[in-house]
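The listed protein sequences derive, respectively, from chains A and B.
Just so you know, we're using this note's numbering here: the first sequence kicks off at 20 and counts up by one.
Just so you know, we're using this note's numbering here: the second sequence kicks off at 1036 and counts up by one.
The hints are simulated quantities; they were obtained by calculation from the structure and are not laboratory data.
Just so you know, these numbers come straight off a predicted model, no measurement behind them.
Glycine residues also receive a C-beta, built at the ideal position from the N, C-alpha and C atoms.
Mixed in with the good hints, there may be bad ones.
Which bits of chain B does chain A cover? Going by a derived footprint, with three or more residues having C-beta under 8 angstroms, they are [claimed, not checked]:
| hint | stretch |
| --- | --- |
| 1 | 1077-1089 |
| 2 | 1141-1150 |
When the alpha-carbon atoms are kept at most 25 angstroms apart in a straight line, the in silico BS3-like pairs for lysine-lysine are as follows [to be verified]:
| hint | chain 1 | residue 1 | chain 2 | residue 2 |
| --- | --- | --- | --- | --- |
| 3 | B | K1046 | B | K1113 |
| 4 | B | K1113 | B | K1092 |
| 5 | A | K20 | B | K1046 |
| 6 | B | K1049 | B | K1113 |
| 7 | B | K1092 | A | K20 |
| 8 | B | K1113 | A | K61 |
| 9 | B | K1046 | B | K1092 |
| 10 | A | K20 | A | K87 |
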Amino acid sequence: KQEVTQIPAALSVPEGENLVLNCSFTDSAIYNLQWFRQDPGKGLTSLLLIQSSQREQTSGRLNASLDKSSGRSTLYIAASQPGDSATYLCAPGDYGQNFVFGPGTRLSVLP
Amino acid sequence: GAGVSQSPRYKVAKRGQDVALRCDPISGHVSLFWYQQALGQGPEFLTYFQNEAQLDKSGLPSDRFFAERPEGSVSTLKIQRTQQEDSAVYLCASSLRQTSTDTQYFGPGTRLTVL
């Protein structure tokens, strides 16, 4: 059974810092991996989707990398802003469209 | 529509009552997913539909949980004889195609509280 952990559980940084969120998963037989953000009381918004054959994906200030063999993914956020404050979840997906979510990293960016 | 919608947004039920949660996916999306999210946790997979066919229901926690998507669009998640441990946010997501390469789009969720 796939198990996903995310480190740190919570993070508070001043505005403008670059930061890295870590995701680890136990079963490397994945098809892809998604990073989501979740704002309080709301659903999830997909940020980046990395296929298992890819090493990284970029969208604006966000960059996600994937090391499938070692069961790791990182989300890099450049020049953080208060609007980035949210919970960030990673979810590796298997071949059956089953995504397993980590518990999330709760990020606070202070102005 | 503009996105995935869910209703009701909040539901309070007495233990033992039956509840029905509705999901309206993005128009034309083939795949539909239900997740359960406990407080402070990531969502956990419940079930998956491809059009009207329920292809995976391995995440449903008990036979009190039932989901359907009879016409391949709107889906309903029904919970019979609710118990306190059913209290959670129930999230619905849809994706355009039937492959695993597609992004999932999530609704805002239904927060269920069982007293």
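These are the hints, each one checked on the structure:
{"no.": "1", "hint": "1077-1089", "result": "holds (count 5)"}
{"no.": "2", "hint": "1141-1150", "result": "holds (count 4)"}
{"no.": "3", "hint": "B:K1046 to B:K1113", "result": "holds (13 angstroms)"}
{"no.": "4", "hint": "B:K1113 to B:K1092", "result": "holds (13 angstroms)"}
{"no.": "5", "hint": "A:K20 to B:K1046", "result": "violated (32 angstroms)"}
{"no.": "6", "hint": "B:K1049 to B:K1113", "result": "holds (15 angstroms)"}
{"no.": "7", "hint": "B:K1092 to A:K20", "result": "holds (16 angstroms)"}
{"no.": "8", "hint": "B:K1113 to A:K61", "result": "holds (21 angstroms)"}
{"no.": "9", "hint": "B:K1046 to B:K1092", "result": "holds (23 angstroms)"}
{"no.": "10", "hint": "A:K20 to A:K87", "result": "holds (16 angstroms)"}
When the structure is compared with the earlier hints, a violation turns up for hint 5 alone.
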